[in-house]
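Enquirer: Next come the chains, spelled out residue by residue.
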Amino acid sequence: MPRVNKINQPLDSYKGGKSTLCPGCGHDAISNVIIKAAWENSIAPEGIAKMSGIGCSSKTPAYFLQQSHGFNTAHGRMPSVTTGANVANKNLNFLAVSGDGDTASIGIGQFIHAIRRNLNMLYIVENNGVYGLTKGQYSATAEEGSRKRKGAPNELKQIDLCAMAINLGCSFVARSFSGSRKQLTALIRAGMSHRGMAIIDVISPCVTFNNNEESYKSLQYVKNNNEELHGLDYIPHFNPIQEIEVPSGGYKEVKLHDGSYLRLETISEEHDVGSKKMALDALREAEEKDKHVTGLLYFEEGIPTLDETENLVDTPLSELPEELLRPNKKSLDDLLTKFRA
Amino acid sequence: MPRVNKINQPLDSYKGGKSTLCPGCGHDAISNVIIKAAWENSIAPEGIAKMSGIGCSSKTPAYFLQQSHGFNTAHGRMPSVTTGANVANKNLNFLAVSGDGDTASIGIGQFIHAIRRNLNMLYIVENNGVYGLTKGQYSATAEEGSRKRKGAPNELKQIDLCAMAINLGCSFVARSFSGSRKQLTALIRAGMSHRGMAIIDVISPCVTFNNNEESYKSLQYVKNNNEELHGLDYIPHFNPIQEIEVPSGGYKEVKLHDGSYLRLETISEEHDVGSKKMALDALREAEEKDKHVTGLLYFEEGIPTLDETENLVDTPLSELPEELLRPNKKSLDDLLTKFRA
Amino acid sequence: MGKIINDFTINIATANGTGSQSANLILLNALFRMGTHASGKNLFPSNIAGLPTWYIIRVSDYGYQAPGGKTNIQIAMNPDTWVEDIENLEPNTVLIYNTDTRLPVDREDLILYPVPMGTMGRKINPKLAKLVANMIYVGIVAEMLEIPQDILEEAIAKQFGGKEKAIQINSQASISGREFFTNELNKADNYYVEKREFDKNQFLIDGNEAVALGCIYGGINMLSWYPITPSSSLAESIDAYVPKLRLDKDGKSTCAIIQAEDELAAVGMVLGAGWAGARGMTCTSGPGISLMSELIGLAYYTEIPSVIWDVTRVGPSTGLPTRTQQGDISMLYEASHGDTQHIVLIPGNVDECFEFGWKAFDYAEKYQTMVFGFTDLDLGMNLWVSKGFDYPDEPLNRGKVLKTKEDIEKIENYGRYRDVDGDGITYRTLPGSGLEPIVSRGTGRDEDGVYSEKSDIYRSNMERLRRKIEGSRTDLPQPVLREEKEKELGIIYYGSMENTIQEIDDILEATGMKVSQCRVRALPLSPEINDFIRRHKKIIVLEINRDGQMYGILRKEIETELVPKLHSVAFSDGLPPKAIEYAEAILAKLEAFEI
Amino acid sequence: MGKIINDFTINIATANGTGSQSANLILLNALFRMGTHASGKNLFPSNIAGLPTWYIIRVSDYGYQAPGGKTNIQIAMNPDTWVEDIENLEPNTVLIYNTDTRLPVDREDLILYPVPMGTMGRKINPKLAKLVANMIYVGIVAEMLEIPQDILEEAIAKQFGGKEKAIQINSQASISGREFFTNELNKADNYYVEKREFDKNQFLIDGNEAVALGCIYGGINMLSWYPITPSSSLAESIDAYVPKLRLDKDGKSTCAIIQAEDELAAVGMVLGAGWAGARGMTCTSGPGISLMSELIGLAYYTEIPSVIWDVTRVGPSTGLPTRTQQGDISMLYEASHGDTQHIVLIPGNVDECFEFGWKAFDYAEKYQTMVFGFTDLDLGMNLWVSKGFDYPDEPLNRGKVLKTKEDIEKIENYGRYRDVDGDGITYRTLPGSGLEPIVSRGTGRDEDGVYSEKSDIYRSNMERLRRKIEGSRTDLPQPVLREEKEKELGIIYYGSMENTIQEIDDILEATGMKVSQCRVRALPLSPEINDFIRRHKKIIVLEINRDGQMYGILRKEIETELVPKLHSVAFSDGLPPKAIEYAEAILAKLEAFEI
Ligand SMILES: Cc1ncc(C[n+]2csc(CCOP(=O)(O)OP(=O)(O)O)c2C)c(N)n1
Ligand SMILES: Cc1ncc(C[n+]2csc(CCOP(=O)(O)OP(=O)(O)O)c2C)c(N)n1
Ligand code: SF4
Ligand code: SF4
Ligand SMILES: [Mg+2]
Ligand SMILES: [Mg+2]
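Protein chains in written order, with our numbering: chain U, 5 to 345; chain X, 5 to 345; chain L, 6 to 600; chain A, 6 to 600.
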């Protein structure tokens with residue numbers, strides 16, 4: 005008998021089809037973490053909706069959570085499609101994957117406006133600094149001076165999606181690395197538990213086009229230049245907190261919407277995840293040193309989500325009975341009477 | 005004889021057609037400042053290219069600088085059209101006008117990527133928090149809680165275009181108010197002298213749809229809640245600096261690319277226009293107090309502009325002779341020989 | 006000179022933003038309440054205040070609704086268009102003008118009614134003088150045409166629904182206009198309004214509101230929109246009706262309304278809603294459709310129920326945003342790259358706006374595809390007559406959705422894209438159901454919904470999609486035929502041309518010919534249209550665009566042997582079609598072809 | 006059993022990312038150098054590494070370039086498609102397979118050449134074993150077909166241009182393949198390659214590179230692009246040639262290259278460049294065109310010279326991004342809302358890719374409008390034969406641009422949109438010139454370029470635009486006609502179908518009929534096409550899409566009386582067209598219509 009989770013599902017229930025990405029691609033590592041995280045969180049797979057745009061990264065929803073419906077939309081349009089699906093069925097657990105090209109170039113407008121609306125979703129950017137699927141052109145998240153396998157170094161300034169998200173008021177913003185399995189697992193588990201938009205920008209090396217030494221997003225570079233803000237542990241709501249062993253160092257806990265906790269173990273100086281200013285400072289400092297800072301950068305609770313702002317009925321709109329969809333005949337008659345007055 | 009400027013032009017040479025905006029519209033005030041600023045800077049009107057998108061604001065290029073060519077493009081697409089025109093003729097002086105709908109909603113992607121490329125242009129956002137031309141829906145720069153003439157208060161967080169521009173590395177970022185004639189004149193004159201992207205976000209009340217008391221972008225509200233960072237004087241390169249009367253308070257000078265100066269007269273605490281951090285802090289603090297901070301927020305020199313990065317020939321591409329456009333016959337013959345090898 | 010009763014056109018020249026709109030509506034409504042088939046067309050500029058606006062009221066006992074070929078009564082309020090407005094009048098036109106403009110009138114061949122409307126307005130209410138001045142001309146016209154004051158009062162009351170103060174001022178202004186006419190002017194014209202039997206069921210409504218109500222009764226769950234003239238009022242009308250008609254007992258909403266950041270996002274939301282099992286729609290105009298093109302193809306290919314209303318304005322490009330045209334029809338039919346084909350519903354009056362408003366969702370879910378509603382500024386933003394909308398006579402059609410394991414088991418060899426019924430329409434399951442999940446995608450997939458680049462799979466899938474849409478031809482709203490037994494000339498037309506067709510027909514028949522009509526109400530075309538063409542000797546395809554777009558579609562799709570019967574009459578100048586102009590173009594065409 | 010010489014199809018099944026591409030190109034090139042008219046088609050997947058890829062080489066003394074109807078020699082390298090690849094072979098096919106896959110081959114009716122390619126590769130270079138294995142099959146094939154090693158060496162040297170190490174390893178691997186064939190296998194097949202006279206002028210090049218060079222010689226000043234298969238290599242090729250051919254003496258560039266953030270921006274940049282007087286272009290594929298639709302209308306209406314190359318892939322939606330189709334042609338012709346019409350240049354071979362590459366800019370500036378280049382993945386990314394590109398025989402046509410006050414004074418009553426020459430093409434001045442400036446706009450404007458919403462002005466402007474584009478019909482590249490004197494059957498086709506048409510023609514003529522050909526090279530259609538149709542008894546419109554898009558255009562535009570002659574044969578499965586399939590479809594169509 006394979007191990008099962010709280011809802012009696014084996015890990016296999018969370019797996020997907022065979023990946024067609026290049027062997028070693030960072031995106032595959034992230035898919036594996038997603039599988040693990042969803043299983044560990046004991047989310048019913050059928051309650052999840054997998055959303056993506058177009059790119060190597062955006063293909064991955066076919067490679068995890070085979071029991072969930074998914075929508076591999078169009079390039080850069082995942083946020084808007086998710087918005088529509090979100091109000092159609094607010095009970096769905098939206099797990100979205102995008103790429104840096106998909107999000108920071110063609111999709112930057114939809115990214116920004118989805119944040120403003122505070123969709124209740126987890127938005128993972130699999131960030132490799134290049135357009136993998138179209139053979140390795142620089143994307144808008146490539147750092148100035150970074151250099152991919154072929155061609156000249158990148159001349160333009162990067163867009164830091166985390167900084168942008170924080171500035172726009174996103175309530176859960178994290179950066180991670182496809183190679184930091186533990187940290188990423190905790191963040192993805194927490195992102196799933198968060199109510200509102202959770203953005204995790206995951207540096208995910210493109211082993212084919214952007215994994216050379218001079219690339220700031222190569223496996224080796226990130227390994228050498230990753231500054232973790234804190235150690236991370238995720239404590240699910242179904243595991244009473246006292247059961248968990250208290251770590252020796254200092255720690256803080258972030259309570260998530262579903263009652264789970266994210267435990268931040270202080271690594272060096274304290275980082276207050278409730279402070280936009282500290283988050284932005286940390287990002288700026290790292291950038292100045294050509295480093296990557298990873299961990300939960302910013303967290304805020306209680307911002308109304310789109311479905312709340314819309315004041316929707318409790319039943320998902322997609323499941324409403326005809327009576328609630330079509331007003332009765334009398335209402336029309338009354339209206340016509342008014343028109344005729 | 006009317007007064008003329010350094011190039012012997014009367015103010016009239018800088019005027020435009022009759023405005024068709026609502027009487028009192030903030031945009032008309034800005035047009036007048038543009039006319040004045042261009043005249044005072046003694047720019048040859050035919051060297052200017054007026055660019056805009058779609059909206060009440062974007063109509064204004066017809067109301068100033070009648071002797072300049074203009075392009076009233078499509079909604080949200082002014083930045084890309086300007087990009088093409090910029091490399092086609094880098095000698096043109098690009099003066100662009102957009103609205104908050106045009107820039108922050110449909111056009112936010114092009115806004116962002118134009119900044120990354122550092123187009124050599126002056127980009128004025130005539131920001132009224134609503135879509136004027138389509139009758140007053142909230143735009144993405146409307147503050148949370150602000151309320152326009154009709155309908156419910158705005159629920160979404162605003163996009164602060166200045167903060168965004170600074171974060172993206174824009175080299176000249178200012179905020180102003182259509183009612184602050186002196187400040188706005190100095191900023192527009194300086195923006196024209198700046199080499200690289202100069203963004204001026206001008207609060208410009210829509211008197212028809214968003215000028216009621218509860219609107220944070222109404223004339224009265226801005227008058228009462230405008231915190232000027234500094235007094236501003238523009239000293240053109242053709243006016244030796246010593247001729248200018250030194251103001252009594254402290255001041256700093258910002259030297260612009262064409263040799264002109266922008267003189268910042270300290271008002272309260274010092275604001276270092278060379279510090280992104282101070283600029284962003286000033287914006288954040290003002291936002292927290294529902295205030296508007298105006299003045300030159302951030303300035304940086306020497307960032308290569310798009311035409312420089314592209315390493316273009318000195319002559320504008322639009323004026324190149326055939327010899328430079330079509331390689332000679334021998335080059336083709338050589339190539340074919342290589343192909344046949 | 007005899008009386009001219011209930012047969013004239015009034016042209017009111019003002020500037021927008023001066024408050025003339027409510028005065029004009031009151032006048033129109035009063036005429037309407039007289040039972041005169043009055044109709045109004047608003048020609049407004051693309052700005053907010055200060056530019057020329059004309060309001061054209063047609064009164065016709067024949068029921069003609071299009072603007073008349075010429076103006077009989079001109080009201081001149083706008084100094085900016087003064088000269089031109091007056092110059093263009095034919096002799097003997099009535100000219101009612103505001104003398105406070107102090108502008109000259111040097112036409113002796115007109116019937117002149119000079120009125121100091123500004124002064125009179127100021128007397129009534131100095132602060133609102135400008136607004137009030139407009140009601141003065143309403144009073145003048147009422148008195149001149151002999152419209153009783155009580156009817157006018159009804160119209161005023163309706164316009165200001167309960168706002169006592171406004172009612173009082175406007176009523177007072179209209180009376181002062183009447184008095185001025187009686188006391189200071191002599192009726193020199195021969196236009197009169199006589200009361201006709203007024204069908205109490207009748208009312209005036211614009212197409213956008215009618216579509217909006219259709220959507221409300223069609224179970225719309227999500228409206229995403231980006232403001233654009235002339236579709237904005239459709240969205241705003243849904244926004245206004247949802248709180249009235251679509252809240253549950255706890256006051257919670259069954260329809261989300263999202264102002265999108267642009268049209269690309271608006272259509273994305275529609276797809277998302279449709280994919281997740283709800284009824285999503287957006288409305289826009291030409292530029293928006295262009296921007297939506299990529300995702301329109303995605304909806305077609307992933308087979309997601311989606312609804313878009315295109316309230317067309319004058320293209321190409323930004324065009325004339327406040328003018329009307331049927332310029333988008335060919336684009337809608339095949340929008341997006343690759344081989345695509347979409348269902349287009351084309352209402353020809355406000356009743357159909359309502360009906361197609363709710364049916365669009367049923368078709369979209371039945372065929373699992375993109376369904377367009379196609380109207381234009383004329384139908385969408387001008388007031389048209391209705392006798393009442395019919396409550397939907399069928400339950401919601403939610404299409405082939407499998408909800409339970411048992412549902413699926415009933416189907417042999419279920420696959421998301423397997424055509425088990427032979428109609429090209431396959432069964433779907435919804436996200437959240439856990440039933441036979443797939444990853445929907447715009448790339449190649451096999452019958453089970455699994456990624457595939459195989460050529461035969463691609464081809465057979467595309468053939469199925471063609472079959473699916475083909476199957477809708479007999480199911481969509483069929484053409485409305487009005488046939489003469491002579492089967493001489495048939496006019497094929499669609500949409501807002503409905504307002505003008507009867508008058509065109511009458512003009513043509515006055516020359517002795519017999520004219521049948523066929524109004525297309527949907528794409529792809531019904532086979533009935535083919536038969537109509539077959540039955541008739543010659544066919545004119547009449548439309549409000551430059552390129553004869555429907556003519557092109559017909560020419561491609563009808564039986565080859567019928568093609569020689571078709572002739573295109575198409576042009577557009579941004580104005581609602583005038584009968585006489587189109588009739589003359591038809592006559593010219595017939596002559597040119599000597600048919 | 007006699008020898009089969011220079012008449013066979015080789016199918017090489019590999020996975021992408023395994024380095025087979027260079028081996029396949031070497032084999033193709035060697036065959037080409039034998040003077041055999043070899044051509045290659047790459048069927049690759051939409052990912053970066055690991056998915057099935059087939060490379061199909063046709064060798065034909067008839068000069069047939071399309072993939073043959075069946076495979077004669079199969080090379081099996083890919084375990085994932087092993088079973089299917091082998092199952093589908095007809096009896097007596099040669100099967101060369103990699104025994105190191107350890108997969109079974111249970112066909113006794115094939116000619117089997119088992120080769121331990123992995124092991125052999127490892128022996129030569131353990132680190133590069135996988136890559137080297139591919140050269141083993143090249144050696145096998147070379148030996149089996151009797152291609153001399155010196156020709157192979159030439160091809161290897163060309164492929165690796167100067168990289169000694171690579172040349173050495175690949176040469177060694179090929180020799181080891183040859184030796185294995187000689188020592189371990191017995192030639193049991195009867196396929197041979199014989200040297201034919203090799204035209205030294207010939208070379209292979211893909212359409213994207215040819216268009217890129219055309220642009221370089223057409224004076225391109227700005228390329229804006231957003232990566233998308235199959236157009237990316239066009240952009241990348243321009244990027245590569247600019248430093249070689251388009252720098253001034255100081256090493257500064259006369260052409261800017263901008264990687265845009267998306268297609269909306271890419272097309273915006275093209276308009277900006279054109280507006281400011283430079284030659285701007287972008288290249289994309291279907292989804293990009295959909296996204297560009299709004300600004301395409303703006304270019305049409307503001308009359309800005311603009312060039313877009315659409316290298317079409319399989320639609321709708323994301324479709325099959327790495328497969329070929331002619332599915333965008335109707336969209337290109339009328340892209341954008343409202344009444345629009347664009348010039349489309351349709352090259353049918355690489356020489357025309359080059360020629361239309363430079364001419365597109367001349368047409369765009371001459372007609373001040375949007376000009377599309379239309380190719381597809383087959384023409385764009387596969388290698389086609391050229392005998393050399395002709396250097397442009399006309400100077401750049403910069404169109405009607407007024408540069409000086411005197412220029413303007415020569416024109417009576419100058420206005421940006423006043424048609425002084427009667428050809429619908431008006432004169433423009435450039436920003437920076439200070440001459441008669443206007444604000445270009447997508448909204449209504451009068452002949453002087455001043456904002457106007459007047460209906461007659463709008464209408465006459467639109468009529469002029471129609472006239473302008475109409476005027477290009479006889480000026481654009483005229484159709485290529487190859488007529489039989491019998492005028493029995495005419496085939497109208499276009500674009501990459503050129504590679505297959507001769508073989509189709511031969512198959513049809515083998516049945517006894519006489520077949521003429523008319524290759525359309527531009528839209529709007531030339532009147533010569535009408536005449537071609539008139540001269541022939543029956544016409545087949547042949548194209549690689551589902552809906553018969555060109556057929557639709559023809560049916561709308563040709564003289565009515567000719568319509569009954571037209572018949573559509575159209576389908577698409579993503580593969581380059583096979584002659585036998587299209588020929589059979591034509592025969593079926595002819596039968597169905599009993600014509
Ligand atoms: C409208 C459109 N434009 C372009 C493309 C081509 N395209 C496919 S994926 C891609 C970029 C993907 O980059 P990214 O999002 O970073 O994903 P990665 O492959 O790097 O994971 C592009 C440009 C497309 N599919 N659609
Ligand atoms: C593609 C497209 N969508 C929508 C519109 C309609 N539209 C015209 S102006 C405008 C908004 C303008 O708002 P803003 O830029 O803030 O300008 P303002 O009028 O407030 O100065 C919109 C949505 C359009 N012209 N094009
Ligand atoms: S190309 Fe890069 S991003 Fe794409 S699958 Fe390969 S390694 Fe991953
Ligand atoms: S609507 Fe508002 S923004 Fe537009 S012209 Fe009037 S006041 Fe200005
Ligand atoms: Mg990427
Ligand atoms: Mg605005």
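Mixed in with the good hints, there may be bad ones.
As the list claims (entries may be wrong) - To give an idea of the chain U side of the interface with chain L (calculated C-beta under 8 Å), a few residues:
hint: 1; residue: ARG7
hint: 2; residue: ILE11
hint: 3; residue: ASN12
hint: 4; residue: PRO65
hint: 5; residue: GLN71
None of these hints come from the bench; they were simulated from the model. Virtual Cβ for every residue (Gly too), placed ideally from N, Cα, C.
Enquirer: Classify the hint on ARG7 of chain U as holds or violated, based on whether any CB of chain L lies nearer than 8 Å to its CB.
Expert: 22 Å, violated
Enquirer: With chain L as the partner, please determine if ILE11 of chain U meets the hint condition of a C-beta pair closer than 8 Å.
Expert: Status violated, d = 12 Å.
Enquirer: Going by Cβ atoms only, is GLN71 of chain U closer than 8 Å to chain L?
Expert: 6 Å, holds
Enquirer: Let's test the interface hint: is any C-beta of chain L closer than 8 Å to that of PRO65 of chain U?
Expert: Given a least distance of 6 Å, the restraint on PRO65 of chain U holds.
Enquirer: Under 8 Å, Cβ to Cβ, is where ASN12 of chain U needs to be relative to chain L, so tell me if that hint holds or is violated.
Expert: Hint violated; ASN12 of chain U Cβ to chain L Cβ min 14 Å, cut 8 Å.
Of the hints listed earlier, those the structure fails to meet are numbers 1, 2 and 3, in rising order.
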